[in-house]
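Residue numbers 0 to 48, in numbering that gives the first Met the number 0, belong to the letters of the sequence shown in order.
Keep in mind that a hint or two might mislead.
Simulated DEER-style distance windows between Cβ atoms [as the list claims (entries may be wrong)]:
no., residue 1, residue 2, range
1, Asn22, Ile45, 17 to 23 Å
2, Ala39, Arg12, 17 to 23 Å
3, Ala43, Lys9, 26 to 32 Å
Since the hints were derived computationally from the structure, they do not count as laboratory data. Idealized CB from N, CA, C, for every residue including glycine.
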Amino acid sequence: MSAADFRIRKTTRGFIISQRVGNGWERLADVHPTREAARAFITAAIDRS
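Based on the sequences and whatever the hints tell you, model everything.
Take a look at the structure:
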């Protein structure tokens, strides 16, 4: 798993993260208030794998 397996998108509620699953993308339930918070989540997920 690498940072390329994640995508950050801005919405009206905050930033959402999608993760590559097979040939598509699956939206994760977390909504983060800032892009930096979303990046921190991705970094933690990569470190745990």
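Hints, verified against the model:
Hint check: Asn22 to Ile45, Cβ distance near 21 Å, so the stated range 17 to 23 Å holds. In this structure the hint that Ala39 and Arg12 lie 17 to 23 Å apart at CB holds, the actual value being about 18 Å. Range check, Ala43 to Lys9: Cβ separation about 20 Å, and the 26 to 32 Å hint is violated.
Consistency with the previously given hints fails for number 3 only.
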